[in-house]
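Peer 1: Start from the sequences and build out the full structure, keeping to the hints where you can.
Chains as they are written, first to last, in the working numbering: chain G, 1 to 158; chain H, 1 to 169.
Simulated from the structure, these hints should not be mistaken for laboratory data. It cannot be assumed that every hint is accurate.
Derived BS3-like pairs: lysine-lysine, alpha-carbon spacing no greater than 30 angstroms straight-line [said to hold, decoys possible]:
id, chain 1, residue 1, chain 2, residue 2
1, G, K136, H, K110
2, G, K5, G, K39
3, H, K125, G, K111
4, G, K112, G, K136
5, H, K110, G, K111
6, G, K139, G, K48
7, H, K49, G, K136
8, G, K136, H, K12
9, G, K93, H, K51
10, H, K110, H, K161
11, G, K93, G, K56
So these bits of chain H aren't anywhere near chain G, every CB distance computed over 12 angstroms [what the hints assert, rightly or not]:
id, residue
12, L71
13, A94
14, I112
Glycine included, C-beta positions come from ideal geometry on N, C-alpha and C.
These are the residues of each chain, in order.
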Amino acid sequence: MEINKEVKQEQIEIYMQIVEDFYQSVQKWIEKKDYICTKESMNLDEEKTGSYTINKMLIKKQDKTIAEILPIGLDIIGANGRIDLVTPYETRKFLYFKKGGPVITTKVEGKKIDHKVFTGIESDDWYWIESVTLKKAYKVDREVFLSLLDEVTSKWVI
Amino acid sequence: MGYLEDLREVIKIHEFQIALNKEFFRRNQFDFSLEELGGNKEHYSREFKGKIEEYTILQLWTIFERHLFELTDQYIRRNQDEGTVRYAIEGKIAEKIERWSLGEILDLYKIIIDPDTVGMIKQIKRYRDWLVHKNPRKASPGKISYEDTYIYLSEFLNSIKSDLSRLVK
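Peer 2: See below:
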């Protein structure tokens, strides 16, 4: 369905805002670590909104980029946006969900039954799904982020 | 094997490929220079990681499609009374199913699964088609990770399977 220019712009602004809010949190979470954060602009091109410029975040240690936080897009099936924590060898995906998260409704003998796809989505926020079988969503807070950052960087950073 | 085992197998292969990719590049034992090819090992590792993910989504979709046809077929072939007109008619319908468009088959399930979820499965198909053809001049439709592809496709098949089990009772 074609959406008008103002709606597209509004969707882009909302996505950019939640991404920037996340970057601010990351900066707070890592301030006691020996890391420096910088931002670089990049381009995203999505069928739903067209092309737009957004920042990615580089996490550096002694001038070497050890990880990036990369915006993937706002048009994400089942979620309201995605950013990835990326190193050359590892990726952890963070999805933005509205409270409750995605729901599948089935009809059994005429009766509707709602089934939450993920557990643990209690507010609008960024979440990380640990396993495809358990489907537990973890809110990306300081503890979760730093654990994942350690996990994706410690295996290859010398 | 059942659909869940088949889909999980793809996830296992994906995890193995990612681990292999990491070791391959970390060891850096090439008899050629990656720099000469225009990139470093981090660059190529990222490229391959992305390709592995895309390939996993394609594999998951192929398995989903096959099991969707099989499960749909089971709705028709519940009657085992060979030699009846009903059995013959059901056989004829079953022959034609594979020629129906996937959209037509998915729409049938709106009776038991909400239209938004059916729409989500169609979106995954669009993203899968985009990955296959990847026209650089065409912007990406709604994206999905391989993990979520697994989750939504298996949930969809689970819903059909439990409806079928209820009918058999």
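Peer 1: A separate judgement is required for each hint: does it hold in the structure or not?
Peer 2: Status of each hint after checking the structure:
1. G:K136 / H:K110: holds, 27 angstroms
2. G:K5 / G:K39: Given that 30 angstroms is the threshold and the Cα spacing comes to 27 angstroms, the pair holds.
3. H:K125 / G:K111: holds, 28 angstroms
4. G:K112 / G:K136: holds, 23 angstroms
5. H:K110 / G:K111: Given pair K110 (chain H), K111 (chain G) holds - Cα atoms ~14 angstroms apart, limit 30 angstroms.
6. G:K139 / G:K48: Holds: K139 (chain G) and K48 (chain G) sit about 27 angstroms apart, inside 30 angstroms.
7. H:K49 / G:K136: holds, 24 angstroms
8. G:K136 / H:K12: holds, 19 angstroms
9. G:K93 / H:K51: Measuring from Cα to Cα gives roughly 16 angstroms; hence the hint holds.
10. H:K110 / H:K161: Roughly 14 angstroms between the alpha carbons, so the hint for K110 (chain H) and K161 (chain H) holds.
11. G:K93 / G:K56: The given pair, whose Cα atoms are some 14 angstroms apart, holds under the 30 angstroms limit.
12. L71: The claim stands: L71 (chain H) keeps its Cβ more than 12 angstroms from every Cβ of chain G (closest is about 14 angstroms).
13. A94: holds, 24 angstroms
14. I112: Per Cβ check, I112 (chain H) is inside 12 angstroms of chain G; nearest 5 angstroms; violated.
Consistency with the previously given hints fails for number 14 only.
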